[in-house]
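So the protein lines, in turn, are chains Z and E. So the first sequence is residues 1 to 253, counted in this note's numbering. So the second sequence is residues 254 to 561, counted in this note's numbering.
Just so you know, these hints were derived from the structure itself, not from any lab. Treat the hints with care, as some may be off.
With a straight-line Cα cutoff of 27 Å, these simulated DSS-like cross-link-like pairs (lysine-lysine) come out [what the hints assert, rightly or not]:
1) E/K424 / E/K370
2) Z/K252 / E/K380
3) E/K363 / E/K380
4) Z/K252 / E/K361
5) E/K380 / E/K362
6) E/K380 / E/K370
7) Z/K252 / E/K275
Only a predicted model underlies this, so the values are computations on that prediction, with no experimental measurement involved.
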Amino acid sequence: MNLRAVNAIYTFEMARTGRTLMQSIVSPVLSTSLYFVVFGAAIGSRITEIEGVSYGSFIVPGLIMMMLLTQSVANASFGIYFPRFTGTIYELLSAPVSFYEIVLGYVGAAATKSIVLGLIILATSGLFVPLQIAHPAWMLAFLVLTAVTFSLLGFIIGIWADGFEKLQIVPLLVITPLTFLGGSFYSISVLPPLWQTVTLFNPVVYLISGFRWAFFEIADVSVAVSLGMTMLFLVTCLATVWWIFRTGYRLKN
Amino acid sequence: MSSIISVRDLSKTYASGFQALKSIDLDIRRGEIFALLGPNGAGKTTLISIVCGIVNPSEGAVMVDGHDIVTDYRAARAMIGLVPQELTTDAFETVWATVSFSRGLFGKKKNPAHIAKVLKDLSLLDKKDDMIRTLSGGMKRRVLIAKALSHEPRILFLDEPTAGVDVELRKDMWDIVRSLRASGVTIILTTHYIEEAEEMADRIGIINNGEIILVEDKAELMRKLGQKQLKLELKKKLDAVPGELAAHRLTLNGDGSELIYTYDTQGERTGITALLDDLNRTGIGFRDLHTTQSSLEDIFVGLVRQGK
Numbered sequence: 001m002n003l004r005a006v007n008a009i010y011t012f013e014m015a016r017t018g019r020t021l022m023q024s025i026v027s028p029v030l031s032t033s034l035y036f037v038v039f040g041a042a043i044g045s046r047i048t049e050i051e052g053v054s055y056g057s058f059i060v061p062g063l064i065m066m067m068l069l070t071q072s073v074a075n076a077s078f079g080i081y082f083p084r085f086t087g088t089i090y091e092l093l094s095a096p097v098s099f100y101e102i103v104l105g106y107v108g109a110a111a112t113k114s115i116v117l118g119l120i121i122l123a124t125s126g127l128f129v130p131l132q133i134a135h136p137a138w139m140l141a142f143l144v145l146t147a148v149t150f151s152l153l154g155f156i157i158g159i160w161a162d163g164f165e166k167l168q169i170v171p172l173l174v175i176t177p178l179t180f181l182g183g184s185f186y187s188i189s190v191l192p193p194l195w196q197t198v199t200l201f202n203p204v205v206y207l208i209s210g211f212r213w214a215f216f217e218i219a220d221v222s223v224a225v226s227l228g229m230t231m232l233f234l235v236t237c238l239a240t241v242w243w244i245f246r247t248g249y250r251l252k253n
Numbered sequence: 254m255s256s257i258i259s260v261r262d263l264s265k266t267y268a269s270g271f272q273a274l275k276s277i278d279l280d281i282r283r284g285e286i287f288a289l290l291g292p293n294g295a296g297k298t299t300l301i302s303i304v305c306g307i308v309n310p311s312e313g314a315v316m317v318d319g320h321d322i323v324t325d326y327r328a329a330r331a332m333i334g335l336v337p338q339e340l341t342t343d344a345f346e347t348v349w350a351t352v353s354f355s356r357g358l359f360g361k362k363k364n365p366a367h368i369a370k371v372l373k374d375l376s377l378l379d380k381k382d383d384m385i386r387t388l389s390g391g392m393k394r395r396v397l398i399a400k401a402l403s404h405e406p407r408i409l410f411l412d413e414p415t416a417g418v419d420v421e422l423r424k425d426m427w428d429i430v431r432s433l434r435a436s437g438v439t440i441i442l443t444t445h446y447i448e449e450a451e452e453m454a455d456r457i458g459i460i461n462n463g464e465i466i467l468v469e470d471k472a473e474l475m476r477k478l479g480q481k482q483l484k485l486e487l488k489k490k491l492d493a494v495p496g497e498l499a500a501h502r503l504t505l506n507g508d509g510s511e512l513i514y515t516y517d518t519q520g521e522r523t524g525i526t527a528l529l530d531d532l533n534r535t536g537i538g539f540r541d542l543h544t545t546q547s548s549l550e551d552i553f554v555g556l557v558r559q560g561k
């Protein structure tokens, strides 16, 4: 294994975050704070507790998840799309690195970024609402798993996209709606039965449910199912990436 | 002599249906400078891209120092440095960071002294902390060369290295190429500037329409295909080549002041003596005479035309 290459890619990508600190860290933290002000303080004060948790606290896991998903996808897709756009990808393709080393470097850096961001948002939310974390280890596990999975998804999007427009389409038209409809701001038990069933086809439901369970021990679906679905999504992304590098899709032809 | 790169039966058809390479066989010798010449779209870059791992071949095999480029790609690619044709550089990184990144990517241990040496040879050392996007085109080209040399390759590909490059960089580059060759590095370059191939290369390959038309020692090629011309500057202008001299197949230049005799240096007899005898007999006087030899460019243009 070419660890030096993994390290080179990882360091390179992390340096990019350092240069774009405003965009990478400050703006997601600011927008999350705005959600707290609007949903937590302004509207939340009119909403009674959900399953024994105050509304302001209830939305914390959902908000972190939302940022985690959008940031993982955005970071990872841009990280691999930009070298394709500028043409510097030639070097990556001609280097003695295997696909999993490339993925480890890019996805590792994107996931690291999201995890750090998630923890910062968690700390920020602690300033607005009282927080309790019932299972810190599980909370971290869901955080890491989700960050890795959606960074992989972002990596795939970055390879599939052939323009900046396509790079934006998936986060805007797919990730954001699925997150909003996946129970970031409500428990799916408040929905009519038909919509509850429909919602179960939304993969984000399982992520948020599992993550929220780690905080408050309340969940829309069982934790085992959440974990299973997250793993399934992870494996699907890994298989897609493997296929991309095996066939050279959008990279070598 | 052992070959360091051997290409066998290599074909490439792009998804668009365009056949860029048609069953190519090519051997590059260890330690030589090999120039690949060909018109635009002949397949030069495709060939290089396949050897370097950027493009997947459709058929055929390539061995780099005994390592198959597909099954043993790590060993094969670790030996190769590539300077691409396009100025594809990062934008926001510093020169030092991007060159160090290349070394890491190729799995080499950090070696600031080597990076500093490469930058110094390319007159980039004083720009090492500059952001790449602030550099001029020529400087970016130097950065690309530095990246390729950062991991101490044994084989260096230069794809159109001097396209749009100033005289100074061209000189620096050829100095580097010569010193690399002296240290045993094999160099494969493609170029439009035939004088460069003529000056630098040990062997020359000509590719056209995805086929290798010819591979030859440069000296041999020049000797074999080179034609010489004898030009006679006349004392009095002529309207036409005199009938008595028809056997020599002479031509007259535009204003009738020069008679031109073309002969093959390979021929057993050049025919010059007979020509001069005949000139004497017809009483055509000449003021001066000189010979010219066809350049590689003439040979190249001739071959490519023939192929069409």
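Hints and how they fare:
1. E/K424 / E/K370: holds (18 Å)
2. Z/K252 / E/K380: violated (33 Å)
3. E/K363 / E/K380: This hinted pair holds, its Cα atoms lying about 20 Å apart.
4. Z/K252 / E/K361: It holds: about 25 Å lies between the C-alpha atoms, which stays within 27 Å.
5. E/K380 / E/K362: Given pair E/K380, E/K362 holds - Cα atoms ~23 Å apart, limit 27 Å.
6. E/K380 / E/K370: Judged against 27 Å, a Cα distance of about 13 Å means the pair holds.
7. Z/K252 / E/K275: holds (19 Å)
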